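**Q** Can you make the complete structure from the sequences, with help from the hints?
Chains as they are written, first to last, in our numbering: chain A, -15 to 266; chain B, 1108 to 1387; chain C, 1398 to 1764.
Think of the hints as simulated: they come from the structure by calculation, not from any bench.
Distance ranges between label pairs, derived from CB positions: (1) C:T1576 <-> A:V249: 55 to 61 Å; (2) B:A1158 <-> A:F173: 51 to 57 Å; (3) A:R151 <-> C:Y1410: 19 to 25 Å.
Reference excerpt, derived from the structure (chain B facing chain A, CB under 10 Å, subset only): (4) G1120; (5) L1121; (6) P1122; (7) V1194; (8) L1223; (9) I1268; (10) Y1349; (11) V1369.
Just so it is clear, the structure is predicted and the values come from calculations on it, not from any experiment. Glycine residues also receive a C-beta, built at the ideal position from the N, C-alpha and C atoms.
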Amino acid sequence: MKSRQASKRLKNGLFLVFFSVVSLAYLMPIGIVVINSFKRKAYINKYPFSLPTGRDFVGLENYRAGVEAIGFFEAFGWSLFITVGSVSLILLCTSMCAWYISRVKNRWTRAFYYLCVFSMVVPFQMVMYTLSKTADSLGLGNPLGITVVYLGFGAGLAVFLFAGFMRSVPLEIEEAAMIDGCSPPQTFFLIVLPILKPTMVSVGILETMWIWNDYLLPTLVLDQKKYKTIPMAIQYLKGGYGSIDWGLMMAMLVLAILPVILFYVSCQKYIIKGVAAGAVKG
Amino acid sequence: MEKTLKRWLPLFGLPTLAAFTVGFLVPFVMGMALSFCRFTTVSDARFVGLANYKSILGDGDFLHALWFTALFTLVSVVLINLLAFSVALPLTKGLRGTNLFRTVFFMPNLIGGIVLGYIWQLIFNGVLAMFGRTLTYSPVYGFWGLVILMCWQQVGYMMIIYIAGLQSIPGELYEAARIDGANPRQILFRITLPLSMPAITICTFLTLTNSFKLFDQNLALTAGQPSNKTQMLALNIYDTFYSRAGWEGVGQAKAVVFFVLVAGLALIQLYITRRREVQQ
Amino acid sequence: MASIRFDHVVKTYDNGVTVIPDLNLEIQDQEFVVLVGPSGCGKSTTLRMIAGLEEVSGGGLYIGEQKVNDLPPKDRNIAMVFQSYALYPHMSVYRNMAFALRLKKLPKGEIDRRVREVAAQLELEPYLKRKPRQLSGGQRQRVALGRAMVRDPQVFLLDEPLSNLDAKLRTEMRAQISTLHKRLSATFVYVTHDQTEAMTMGDRIVVMKDGRIQQVDTPQALYDRPKNRFVAGFIGSPQMNFWQTEVLRGPEGWRLRGAGLEFGMTGWQLEGYEGKNVTLGIRPEDIHAEEVMIKAHPDALVRGKVSLAERMGSEIYAYFASGGQKLIARAPARTGIRGGDEVVMALDLNKLHLFDADTGERIPRQG
Chain A
-15 MKSRQASKRL KNGLFLVFFS VVSLAYLMPI GIVVINSFKR KAYINKYPFS
35 LPTGRDFVGL ENYRAGVEAI GFFEAFGWSL FITVGSVSLI LLCTSMCAWY
85 ISRVKNRWTR AFYYLCVFSM VVPFQMVMYT LSKTADSLGL GNPLGITVVY
135 LGFGAGLAVF LFAGFMRSVP LEIEEAAMID GCSPPQTFFL IVLPILKPTM
185 VSVGILETMW IWNDYLLPTL VLDQKKYKTI PMAIQYLKGG YGSIDWGLMM
235 AMLVLAILPV ILFYVSCQKY IIKGVAAGAV KG
Chain B
1108 MEKTLKRWLP LFGLPTLAAF TVGFLVPFVM GMALSFCRFT TVSDARFVGL
1158 ANYKSILGDG DFLHALWFTA LFTLVSVVLI NLLAFSVALP LTKGLRGTNL
1208 FRTVFFMPNL IGGIVLGYIW QLIFNGVLAM FGRTLTYSPV YGFWGLVILM
1258 CWQQVGYMMI IYIAGLQSIP GELYEAARID GANPRQILFR ITLPLSMPAI
1308 TICTFLTLTN SFKLFDQNLA LTAGQPSNKT QMLALNIYDT FYSRAGWEGV
1358 GQAKAVVFFV LVAGLALIQL YITRRREVQQ
Chain C
1398 MASIRFDHVV KTYDNGVTVI PDLNLEIQDQ EFVVLVGPSG CGKSTTLRMI
1448 AGLEEVSGGG LYIGEQKVND LPPKDRNIAM VFQSYALYPH MSVYRNMAFA
1498 LRLKKLPKGE IDRRVREVAA QLELEPYLKR KPRQLSGGQR QRVALGRAMV
1548 RDPQVFLLDE PLSNLDAKLR TEMRAQISTL HKRLSATFVY VTHDQTEAMT
1598 MGDRIVVMKD GRIQQVDTPQ ALYDRPKNRF VAGFIGSPQM NFWQTEVLRG
1648 PEGWRLRGAG LEFGMTGWQL EGYEGKNVTL GIRPEDIHAE EVMIKAHPDA
1698 LVRGKVSLAE RMGSEIYAYF ASGGQKLIAR APARTGIRGG DEVVMALDLN
1748 KLHLFDADTG ERIPRQG
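**A** As structure tokens, this is what we get:
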């Protein structure tokens, strides 16, 4: 008995050590970027793994220059606006739509559901060109309009996930609400929506992760001279002929990662739960 | 119930339906149609039959990208799922530190493709500099660079799904197996793996489609260098459209082929793994 | 006025299946009517048509004098208690009960008064702040009841509300619901598959099968004079004994032969049945072990070895076979019948039921 206890503790100890090492290794790339963001440009390329010392240390110079060069804070603002706006729009519209097609079952609703599933497999390149032209002609090339584009392209996955979860909302509760005197919108907003909260979080997180980090869609749809999102701004640092000012790049990368990490650290439990729930339904 | 709800289609269904039509349906149908045309803008399209598709067959870059993408997908899917599953197993035992490790492993998934590509470009170039080489020295470097990047980003996400799948296996099955005299290896292969098939289905589907459709990371890490030899399909299509004029029709045709490939792969994979799922 | 009337009502589903072909039923104001029958007989569908949760495909449904076919549920002044209670999981007990009143925009003081009054009646006061998932099954059922009561409706619809409760609770709640009906001046329509519930609670019972009404009557009438074999077998526990008998014409009148017996029958309209079979039915409680009865019906004696004797406390259910026919008889506990005993019992020929062997319809007595 004693030896079993001992070997168990040994195994746990090994586990702890092994995973701690792997975790540190996992976080190293981030660490390296942070370190290099304080170095002078030339030294980054030559000695990327050394800590900044007297000569190379440039303080916040890279940050200041980078922010100016690509208008980082404006990009941050637009990313925030577009992400929050699009996700809100998606959550509201697709949940309503999913409820409708779950409760009204006819040829059309079933066809729409299958179209949604279908759209999840279509790669963006398929519609890339035509979508940008369509968005152009409808004047959607601004932060407000692009939320509609995101709703359109992201509806498939969202409707699919919501419709899947809708099956576990008992119909009898909605019937009770109708007998109690609710009109359909009241039934949806007062009764169904509160029950859907966990799914809202799951879908919301998935959509947020997609939209915040998306590069191609905003690049093609937005009027680039006026609006940039963070991924676009980062890519903008790559000048002509592929040359990059690595000092600025490092600093901007840190700034780009920072909000993500802060968001993650604060909502980490919900994010992980949401990801697991969303995937299982899929 | 249905009758009262039917009248509310405008409020509930229309916004999503309208956006979906504008944002997906119309572009999709247009894309299909334009793949058979030569055009520079939508209005001057001229029907050319299968000419675009034929020219794909002679496009060396495209064929190389196809091969590269297929290989990359194969390697990534296998590696990521193996790693994610192996990492998930010990993390379901509830040992000390589990939550922390889960948090750390998942974190890279939140970082966007472009940012990720540049981070790893720095690291790879830094490492390779010690041997006097750069990332764009050979496509092999680019290939493995992308694989490592992909693993770093995806393992945490798939791990979460595997953990959820493993935790849904009733503990009683393991107890019954131990009483029946099974050793850990047998338990793994005869109980754990078969009952994890639903999670394996989802993870395989996600890694398959994510790897095949990869764009952002490809653009940032290597931008296809050297000489488009690390260019994956998505990037190749993008280049065809936007790096020079006159090839839009071919680009659209390539996109259709791309779509068919992705859809086909996904369907085949789902069919194979779904059949092996065990109903609880 | 909350009478309910079904006038040639038809219910057909979208796939073309007609589950209720022609329903005609009148429920009086403030009556307690029970719809009972096996699964799939259409009782729940009928109830849901009254609620407005199912569309009426044909015919007219009237509540009071008003035709309500197209009236949405919330305008029908009805309340419903669901089998699964259907409580709003994200709301407290109080808010569950107050919900409908808030929708009607009643003043807050009025809402509070009504909710607390009903909560007191149902002993729910300690739980007003709790959420449904923190309550037991019985408590949830009372909340569902309270939610309906608070609205003071004309019509109470109850869809198998006691099915999910354990036996003891079921008996308690049965009494509570009956008492409630007497206190409120509302029409109660109650659906159940349990014939004991039906018999004990209803003013009148509607027995349904395959979407058709088999019989509508008071409990006692259903028990004494079932209109067909199905109703006869459905009502009464243990089930009525049935066997086929051949109709013979004897010198003194009709004779029935079957199950190893033959005896004379007077007072039955058996014209046209000569030489044919009719189904004979007799309830277990009408098969007697007492000496008195055996002497009174000497040619209606059944005898056999008891294969199983279920002791119910005040009675014994004896299972035996006589003349090849399996029978169940209810005997008083003092007879002390045990498994393996040889018994002789008499059929009370005054309590026979005869049914047409093909249609199952009751064959009437003469006079």
